[in-house]
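Chemist: Sequence:
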Amino acid sequence: MRYAFKRATVLGITVLTAVAPVVVAAPAVADGRVIGTVQMGTNSRLSAAIYDERGQLVRHLYDLAPRSGTVQLKWDGKHDEGYDVPKGKYNWRAATTGAVGSYDGSAGDNGKPVEGESLDFTENPGKATAVAYGPEGDLYTVSRYEETANHVRRYSPADIATGKQKWLAATGWDQRGHAVTADDKYVYNAGWGNGSNNSNHFYQIYRHAADTGRTVNWSGKPIELKAGWKSGDQVVTGLAVDATHLWVSDAINNQLRVYDKETGAPAPILGGQSTMPLTDPRGIVTDGAGRFWVVTGNEVRHYTYDATAKNLKQTNSITQLDRPYGLAWDRSGGKSILYVSEIGTGNIKRYNLALGIPLQVLPAWSFSNMAGAGKVSDTTFGWKYDTASAVPGGDAAIAVSPDGKTLAVVDYWNSRTLFYDTATATAKEERLQSNNNPQPDVDVLAGEDRMTSQSYEYTVDFTKPNAAHGYTWDLTANWKPTDDLKSEYTASTSVLRKINGNEYLYVFVNPRCTVPNNQNCGDLQPGTFAYGGVIVYRLNTEGPGRGMKRIAQIRKHIPDPGPRTEIETKNKHLTITNDTNGNGVLDNDATPGDVADPTNNKGYIVGNPSVSVDSTGTIWFANAATYDTAHHSGVGRLKVNSFDAQGDPVYRIADFTVPDQTSYDIDLGTGSPVELPSRPRTTSRTTGCTPQWTPTSSTRSPTRAATRSGSSTSSPVASRRRSADEPALTALCTCCGTPSPASPSTAPVSSTLAATPVKASGFPCTHGTVCRSPVPSPPCRQSRLDGLTVASH
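Just so we're aligned: the sequence shown equals residues 1 to 793 in our numbering.
Be aware that one or more of the hints could be misleading.
Stated by the list, open to error - In silico DSSO-like cross-links for lysine-lysine, where the CA-CA straight-line distance does not exceed 27 Å: (1) LYS639 / LYS498; (2) LYS498 / LYS375; (3) LYS335 / LYS375; (4) LYS335 / LYS221; (5) LYS549 / LYS498; (6) LYS335 / LYS405; (7) LYS428 / LYS164; (8) LYS78 / LYS89; (9) LYS498 / LYS464; (10) LYS185 / LYS166; (11) LYS405 / LYS166; (12) LYS464 / LYS572; (13) LYS164 / LYS464; (14) LYS74 / LYS87; (15) LYS549 / LYS164; (16) LYS405 / LYS185; (17) LYS570 / LYS498; (18) LYS486 / LYS405; (19) LYS428 / LYS486; (20) LYS375 / LYS549; (21) LYS428 / LYS112; (22) LYS486 / LYS230; (23) LYS185 / LYS221; (24) LYS166 / LYS112; (25) LYS486 / LYS375; (26) LYS313 / LYS335; (27) LYS112 / LYS464; (28) LYS164 / LYS185; (29) LYS486 / LYS570; (30) LYS310 / LYS221; (31) LYS498 / LYS166; (32) LYS185 / LYS335; (33) LYS112 / LYS78; (34) LYS464 / LYS375; (35) LYS639 / LYS549; (36) LYS112 / LYS313; (37) LYS74 / LYS89; (38) LYS428 / LYS405.
None of these hints come from the bench; they were simulated from the model.
All figures in this text were calculated on a predicted structure; none of them were measured in a lab.
Turn these sequences into a full structure, and let the hints steer you where they fit.
Modeler: Put into structure tokens, the structure is as follows:
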């Protein structure tokens, strides 16, 4: 069969569409049959796919595959899911591009791509709570929560720089915990599982095969420490193993517990018992020969096992400590040095045990707690602020390598694990650092080399590339609010904005409750933002890069999206409060000296990412509603009303509006808003084809972190910067008319009209930004709007 093609070239991307269909009238062919050919240039990539008569994508043939010369397209008659497609007519389409991209660094995760490995195997743990070294020198980590649901991991020290793991334990949502230890056969970790909705869990001790990570059940009953465990309860933060026993520092029950490590059965070796009372036990270490150090309360005790009395005997203690937590015992090369992490001071103390009693106190390392929100360094930790690890009082786990050269330190507050040279007390370049649920944001007015993701700020130096892994984005600040250490609200994400010469963090708060009157909140307390809201903080209030204070907030008082009927206006929906007295305290809506501005007539739905802030400080709500004499819903906005004496933005409920049929945009060149006063009428070349306009977010994606070329490797997309005098609108283009093989695409495709029109007959999106799909859609029908050509797919 002879094939005819429609062909168009735009910005180096060539699109071929088969006009004659592929007819499937026989069973699938194992090796596939040739259905067409594509001519490729050098250093080009090919995307091709099969579509049915309804325009539905049936089979991916190539997805940005590097090819050159003549390429034969083959299809075996199967669907992407592996089954034979029904008999009928099918079309294929292909796109080639010479645009290339390369890995150019990542922000928020220190893992580096490794050839042949999946993302999971190089992704760093973002919420590691504990670390341990095995006798072979490998590192083991356990996490409170990882998005990939792999909470126990094993690393070779040589691979930490790339993040490549030897294995990930397939634990699902079980085994999230706070303690880990290992011997030459098993890895043991403490955690919870078998529950739902963060409650009714069983807190247990688990074990894994050290060589594979496979969970190995105990031969006896599971080691269960508490049924009905829930977030906020005490946890296990210390495990130690010797030749025959597993020792558990159990803060849940205020006990030291000992088990037979093969069977999991309690071992009655403590005066005929398997437990010993301890107050608030944390870290524990052993030399494997009957000597132990255990954190209990504000001291560290030394015990030796008396085989005659068959019990532990306390022989020494280290006192006058400020919230000690983790222990690490270096016994390499004849040394005997004990490391103690101290949450109260943010320091790591060292003791020489080799000289006997009294212990020789070695100089402490020059570490400290962060002074507050802001700058992050290799010598400051967020231990004392940690309220998220589920360890009451904070997490500060440590471990020393078998050769004594490296000390691993967990800094949960800053989502990282650092590694220090024990000879110099300096941090090594390699580290495990990640950010669960990343939500990157760049404010061009604050700087394109700065990016925030949740509360973390990263910076990049584009003059210093890394030959192997592109440009490095470093964690430089943590703007997680420290005025919420009682966990009064749950933040979903936050963005940094530079407004009126100052920097602000806008925190978007998730709801905790789903029923009015603070009901149905799970096992969480309702807090002060039971139904969500927005909190605005001014940054750098205590010096450059340090300190923040709350200057405004929006609180939702009801779970619904806003008043829809007159009856619903009887309930209070929102309150806006500004820090009128300038003390940075907005604990509730009635803080003395501050102005609270409530409303029964306005509201919005909390979602992520349904709330955003532009560079003028205007807060946008994707789903908002107002009710005066009638119900209005749509995109809402809250403009800055004014600036106070400190130069901070002031918000008023009167400025919360849901304009009818109005479009907005932000000029990315100047940061100024572009407002179209009303939605214009359109005329269409195709009956019924009307563009659907949506507001454009002011957030700019940090594309330089993905590729320096400006071209994407995930789809054949090309774009360019809009000049100052060109319009910037966003259209949601939808297919008009009856679908046919020649016009198969029916899925909505967003297209930003941000460039001068490109004269390219037959190619979608006549304003130069290619539709973002793996295989471009067929030619667009067009509408005219104030001199702009609008593409509808």
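Chemist: Hints first: check each against the structure and report whether it holds.
Modeler: Each hint, compared with the structure:
| no. | hint | verdict |
| --- | --- | --- |
| 1 | LYS639 / LYS498 | holds (15 Å) |
| 2 | LYS498 / LYS375 | holds (17 Å) |
| 3 | LYS335 / LYS375 | violated (36 Å) |
| 4 | LYS335 / LYS221 | violated (39 Å) |
| 5 | LYS549 / LYS498 | holds (15 Å) |
| 6 | LYS335 / LYS405 | holds (12 Å) |
| 7 | LYS428 / LYS164 | holds (17 Å) |
| 8 | LYS78 / LYS89 | holds (13 Å) |
| 9 | LYS498 / LYS464 | holds (26 Å) |
| 10 | LYS185 / LYS166 | holds (15 Å) |
| 11 | LYS405 / LYS166 | holds (22 Å) |
| 12 | LYS464 / LYS572 | violated (54 Å) |
| 13 | LYS164 / LYS464 | holds (24 Å) |
| 14 | LYS74 / LYS87 | holds (17 Å) |
| 15 | LYS549 / LYS164 | violated (40 Å) |
| 16 | LYS405 / LYS185 | holds (24 Å) |
| 17 | LYS570 / LYS498 | violated (38 Å) |
| 18 | LYS486 / LYS405 | violated (38 Å) |
| 19 | LYS428 / LYS486 | violated (34 Å) |
| 20 | LYS375 / LYS549 | holds (15 Å) |
| 21 | LYS428 / LYS112 | holds (17 Å) |
| 22 | LYS486 / LYS230 | holds (17 Å) |
| 23 | LYS185 / LYS221 | holds (20 Å) |
| 24 | LYS166 / LYS112 | holds (15 Å) |
| 25 | LYS486 / LYS375 | holds (22 Å) |
| 26 | LYS313 / LYS335 | holds (23 Å) |
| 27 | LYS112 / LYS464 | holds (17 Å) |
| 28 | LYS164 / LYS185 | holds (22 Å) |
| 29 | LYS486 / LYS570 | violated (32 Å) |
| 30 | LYS310 / LYS221 | holds (25 Å) |
| 31 | LYS498 / LYS166 | violated (43 Å) |
| 32 | LYS185 / LYS335 | holds (26 Å) |
| 33 | LYS112 / LYS78 | violated (35 Å) |
| 34 | LYS464 / LYS375 | holds (21 Å) |
| 35 | LYS639 / LYS549 | holds (21 Å) |
| 36 | LYS112 / LYS313 | violated (48 Å) |
| 37 | LYS74 / LYS89 | holds (16 Å) |
| 38 | LYS428 / LYS405 | holds (11 Å) |
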